[in-house]
Amino acid sequence: MSVNSYINRLLEANVLRESILREMIETLRLPPGSRGLDAGCGIGLQCMLIAEVAGITGHITGLDISAEMLDYGRKIVEEAGLSEQLSFHEGDVANLPFENNTFDWAWSADCVGYSPQEPLPLLKELIRVVKPGGLIAIAAWSSETLLPGYPQLEARLRATSAGIAPFIQGKKPQTHFLRALGWFRELGLKECRAKSFADNFYAPLSDTIYKALVSLFGMRWPDVSKELSSDDFSEFRRLCLPDSPDFILNLPDYYSIFTYTMFWGKKHKTS
1 MSVNSYINRL LEANVLRESI LREMIETLRL PPGSRGLDAG CGIGLQCMLI AEVAGITGHI
61 TGLDISAEML DYGRKIVEEA GLSEQLSFHE GDVANLPFEN NTFDWAWSAD CVGYSPQEPL
121 PLLKELIRVV KPGGLIAIAA WSSETLLPGY PQLEARLRAT SAGIAPFIQG KKPQTHFLRA
181 LGWFRELGLK ECRAKSFADN FYAPLSDTIY KALVSLFGMR WPDVSKELSS DDFSEFRRLC
241 LPDSPDFILN LPDYYSIFTY TMFWGKKHKT S
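Using this note's numbering, the letters of the sequence shown correspond one by one to residues 1 to 271.
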């Protein structure tokens, strides 16, 4: 998928997670006027939500490895009038281009702990650039039910390479995102906490939500034909493709639910 296509899907699907992101950010109680890092910020959508909490005296630095993503982020941030509160840097989360103890807090959604890379080195980098006593938080998509009434098909889709991504086969169980409390404690973080946040959508769907769910289906289960039986793939095509007369989003009683899970803790004050 091209970067432009991926950006379009992010924009379309953002409405599905915006309320969850707001709730997670509010839970952290980030201090107004604080300076923080969004590691793996993509096009900066969550940076703008965090900026609402940090206020006009705060500052958020968004970092991503994709120059194209950052260019788009600068554009939408400028249009939103937030250029003074937000800045973007190109760089790798595995080797953050910042000095020790630079930020009051660090946040990463759908990146640290969710990417195929080993999580501890990435989390250690977040800890390094946060001041003693500062907060470190990571969050990621953790579950969904998108095919009500078809649990067997959905279970098989979850078991495909796309369905379990980025938790690729052969990785150690303790590197799974939902084991992040262990990572936090191993790296000496204090006051470690975890919480899942849910949202749901149901018929009648607005045009915006309908389009967002179509994008989500495309992102969640791409290229599954080789991993499903012929019968399951036929059922997938019948239920999950928008041009099908039986597309599941058209059900008058359609309902879906998904969750994000967040882990957070504080850097030791004597670090």
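What the hints contain is simulated information worked out from the structure, not anything from laboratory work. One or more of the hints may lead you astray.
[What the hints assert, rightly or not] So the derived label-pair ranges between C-beta atoms look like this:
(1) P31 to A203: 35 to 43 Å
(2) P132 to R238: 22 to 30 Å
(3) E118 to S234: 37 to 45 Å
(4) N4 to P32: 33 to 41 Å
(5) A67 to D253: 40 to 48 Å
(6) A203 to S5: 24 to 32 Å
(7) S206 to G170: 24 to 32 Å
(8) A80 to G149: 35 to 43 Å
No experiment lies behind these values; they were computed from the predicted model shown. For every residue, glycine included, the Cβ atom is placed at its ideal position computed from N, Cα and C.
Status of the hints after comparison with the structure:
At about 41 Å, the beta-carbon gap between P31 and A203 stays in the expected band of 35 to 43 Å. Roughly 56 Å separates the CB atoms of P132 and R238, a value that falls outside the hinted 22 to 30 Å. Our hint of 37 to 45 Å for E118 and S234 holds, since their Cβ atoms are close to 39 Å apart. With their beta carbons about 36 Å apart, N4 and P32 fall inside the hinted range of 33 to 41 Å.
Evaluation of the 40 to 48 Å hint for A67 and D253 yields a pass: the beta carbon distance comes to about 45 Å. Hint check: A203 to S5, Cβ distance near 28 Å, so the stated range 24 to 32 Å holds. A C-beta distance of roughly 41 Å is found between S206 and G170, which places it outside the suggested range of 24 to 32 Å. Hint check: A80 to G149, Cβ distance near 40 Å, so the stated range 35 to 43 Å holds.
Consistency note: the structure conflicts with the earlier hints numbered 2, 7.
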